[in-house]
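With these hints in hand, go ahead and build the complete structure from the sequences.
2 protein chains.
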Amino acid sequence: MTPLEAALRDAALRTEATLEECLSAAHSGDTPLAEAMRYATLGGGKRIRAFLTLRFCALFGGEEEAALPFAAAMEMVHAYSLIHDDLPCMDNDDMRRGKPSCHKAFGEANALLAGDALLAQAFEVAASNTHVSDAAVRRAVAELGRGAGALGMTGGQYFDRSETCADLDELHSLQRLKTGALIRSASLLGCFAAPGPLPENAIRDVCRYADGLGFAFQIVDDLLDVRGDAAQLGKPVGSDVKNGTKTVLSFLTPDQAQRLAKECTADAVAAIRPYPGSELLCSLAEYLLSRDH
Amino acid sequence: MTPLEAALRDAALRTEATLEECLSAAHSGDTPLAEAMRYATLGGGKRIRAFLTLRFCALFGGEEEAALPFAAAMEMVHAYSLIHDDLPCMDNDDMRRGKPSCHKAFGEANALLAGDALLAQAFEVAASNTHVSDAAVRRAVAELGRGAGALGMTGGQYFDRSETCADLDELHSLQRLKTGALIRSASLLGCFAAPGPLPENAIRDVCRYADGLGFAFQIVDDLLDVRGDAAQLGKPVGSDVKNGTKTVLSFLTPDQAQRLAKECTADAVAAIRPYPGSELLCSLAEYLLSRDH
Chain A
604 MTPLEAALRD AALRTEATLE ECLSAAHSGD TPLAEAMRYA TLGGGKRIRA
654 FLTLRFCALF GGEEEAALPF AAAMEMVHAY SLIHDDLPCM DNDDMRRGKP
704 SCHKAFGEAN ALLAGDALLA QAFEVAASNT HVSDAAVRRA VAELGRGAGA
754 LGMTGGQYFD RSETCADLDE LHSLQRLKTG ALIRSASLLG CFAAPGPLPE
804 NAIRDVCRYA DGLGFAFQIV DDLLDVRGDA AQLGKPVGSD VKNGTKTVLS
854 FLTPDQAQRL AKECTADAVA AIRPYPGSEL LCSLAEYLLS RDH
Chain B
604 MTPLEAALRD AALRTEATLE ECLSAAHSGD TPLAEAMRYA TLGGGKRIRA
654 FLTLRFCALF GGEEEAALPF AAAMEMVHAY SLIHDDLPCM DNDDMRRGKP
704 SCHKAFGEAN ALLAGDALLA QAFEVAASNT HVSDAAVRRA VAELGRGAGA
754 LGMTGGQYFD RSETCADLDE LHSLQRLKTG ALIRSASLLG CFAAPGPLPE
804 NAIRDVCRYA DGLGFAFQIV DDLLDVRGDA AQLGKPVGSD VKNGTKTVLS
854 FLTPDQAQRL AKECTADAVA AIRPYPGSEL LCSLAEYLLS RDH
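Top line first, the protein sequences correspond to chains A and B. According to my numbering, the stretch in the first sequence is residues 604 to 896, in order. According to my numbering, the stretch in the second sequence is residues 604 to 896, in order.
Be aware that one or more of the hints could be misleading.
To be verified - Listed below are the simulated DSBU-like cross-link pairs for lysine-lysine, each with C-alpha atoms no more than 30 angstroms apart in a straight line:
1. K649/B to K707/A
2. K707/B to K849/A
3. K649/A to K707/A
4. K849/B to K649/B
5. K649/B to K707/B
6. K865/A to K707/A
7. K865/A to K849/A
8. K849/B to K702/B
9. K707/B to K707/A
The hints are simulated quantities; they were obtained by calculation from the structure and are not laboratory data.
What follows is the structure, given as structure tokens:
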């Protein structure tokens with residue numbers, strides 16, 4: 604196991620424990636609604652967003668316990684977005700992470716409500732982070748609200764469904780919202796969990812890293828969707844094409860797309876390599892570029 | 604026009620102006636998604652939640668400009684809940700506030716996303732309230748997340764759809780979540796917008812007022828649903844019964860229900876009458892009891 608793989612596993616384990624606590628009966632009840640929230644959030648996923656939050660907090664001198672509630676909030680927002688994305692009126696996907704999607708397992712109304720409750724409670728979890736200052740909570744909540752809203756992820760979901768992309772630039776703009784916004788929020792929340800406000804240029808470097816990583820991640824997703832293996836992905840291969848979703852392969856050959864993903868990764872790495880302790884974040888970018896699922 | 608009616612009108616106007624700003628192109632974009640958000644939020648509703656936020660802030664010595672962002676956030680959360688409630692997988696209502704419901708006007712996927720974006724941006728609006736301290740933002744966001752989550756409004760929506768009520772107590776518990784939680788959050792956010800943390804007993808009195816008002820409000824809703832006139836309500840009369848929703852009329856005669864609503868109102872008023880300046884809040888409780896739409 605590489606140092607990155609060990610760090611990813613550890614971060615996922617600790618995030619999982621925090622999520623278990625956040626979604627326990629005490630915080631979400633013991634109804635089928637709460638069960639649906641746990642089903643969609645626990646025990647799956649790469650926890651990339653949580654890892655970004657934890658590592659950026661560490662990079663700027665913060666304690667892990669200060670980052671964990673923010674990391675859990677990021678994963679709750681991510682889980683909510685997947686539940687709603689899978690609904691019949693959206694992508695109508697029956698499978699997610701190798702098991703029935705939330706509405707297949709709990710019914711459509713419960714899935715809708717589970718997503719809603721996860722989004723609301725993500726903000727409660729962030730605001731209940733007692734290891735950071737009130738000012739840090741304010742910054743984190745504002746960023747998370749922006750990243751998840753109409754000028755962030757939800758706006759990206761809208762564009763993905765309803766607008767056509769004339770060229771690669773327009774597709775890039777769409778991806779910056781749809782997947783990029785939350786990756787940026789996850790990175791910034793890590794920064795906010797570290798002591799003291801960061802200088803503007805550090806925030807810019809973090810955003811440049813997040814943007815490069817986010818676009819590379821999406822390109823690799825698009826490539827895997829045509830090349831990948833259904834069992835490894837946990838969803839039907841070709842489902843993006845099936846639903847008419849725009850991918851970089853509408854504008855680039857697979858080789859060109861692979862090269863672009865490499866360039867984005869290199870740019871992401873260049874942005875943060877000067878910071879001492881950024882090795883794992885650099886490795887993450889390389890790892891996501893070469894992943895096969 | 605009574606002093607209360609004038610105050611309600613003024614509060615609604617200023618809340619509307621704040622909402623216009625929060626949902627402007629700069630904050631939500633100029634897409635059909637943003638249009639759906641504005642359609643569902645602007646130009647309608649009694650703005651009772653915003654009024655509670657504004658008046659409780661004033662009651663405890665706060666400035667209106669400190670309460671307005673919180674009031675707008677409350678109305679955004681309320682608007683989101685109505686959009687999702689009306690969806691085909693939920694109540695499947697075609698009309699809302701006398702016009703086509705959001706999914707009828709914009710399609711199901713856009714309505715789902717508009718609700719999602721409103722919820723996320725409500726927290727951004729609350730966190731961007733520059734007229735209150737960071738500590739006040741933290742308290743407000745935590746309360747709003749709790750009030751909207753699985754142990755609040757969303758939990759109430761789940762119970763309303765999926766569980767049966769054996770008696771009036773169980774129905775009361777359901778209503779405390781479904782409509783009561785957000786009314787309580789609206790009242791508390793007003794308190795948090797006022798300077799300095801309030802003593803525990805004041806918070807308890809505010810919650811007692813909110814709980815009494817909330818249950819009375821719901822009982823009157825149930826009574827209007829059988830007695831009311833479709834044109835005044837802006838939705839089909841009897842729609843609650845049609846969908847099998849539990850109402851107090853499952854357990855009480857209309858006269859008993861009316862008496863219970865009066866008792867709840869009296870209890871709400873008793874909780875806050877001792878506070879100088881509470882006249883309008885007391886009038887509001889009486890007004891909601893006697894409303895005919």
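Here's how the hints hold up against the structure:
1. At roughly 37 angstroms between alpha-carbon atoms, K649/B and K707/A are farther apart than 30 angstroms, so this suggested pair is violated.
2. Proximity of K707/B to K849/A is assessed by CA-CA distance (about 26 angstroms); at most 30 angstroms being required, the pair is judged to hold.
3. Taking the CA atoms of K649/A and K707/A, the gap is near 22 angstroms; set against the 30 angstroms cutoff, the hint holds.
4. Under the criterion of a C-alpha separation no larger than 30 angstroms, the hint pairing K849/B with K649/B is consistent with the structure, at around 24 angstroms.
5. This hinted pair checks out: K649/B and K707/B have alpha carbons roughly 22 angstroms apart, not beyond 30 angstroms.
6. Of the pairs offered as hints, the one joining K865/A and K707/A is violated, with about 37 angstroms between alpha carbons and a cut-off of 30 angstroms exceeded.
7. At roughly 20 angstroms between alpha-carbon atoms, K865/A and K849/A fall within 30 angstroms of each other, so this suggested pair holds.
8. Between K849/B and K702/B, the direct Cα distance comes to roughly 25 angstroms. Compliance with the 30 angstroms bound is thereby established for this hinted pair.
9. About 25 angstroms separates the Cα atoms of K707/B and K707/A, which keeps this hinted pair within 30 angstroms; it holds.
Hint compliance for this structure: hints 1, 6 are not met, and every other hint is.
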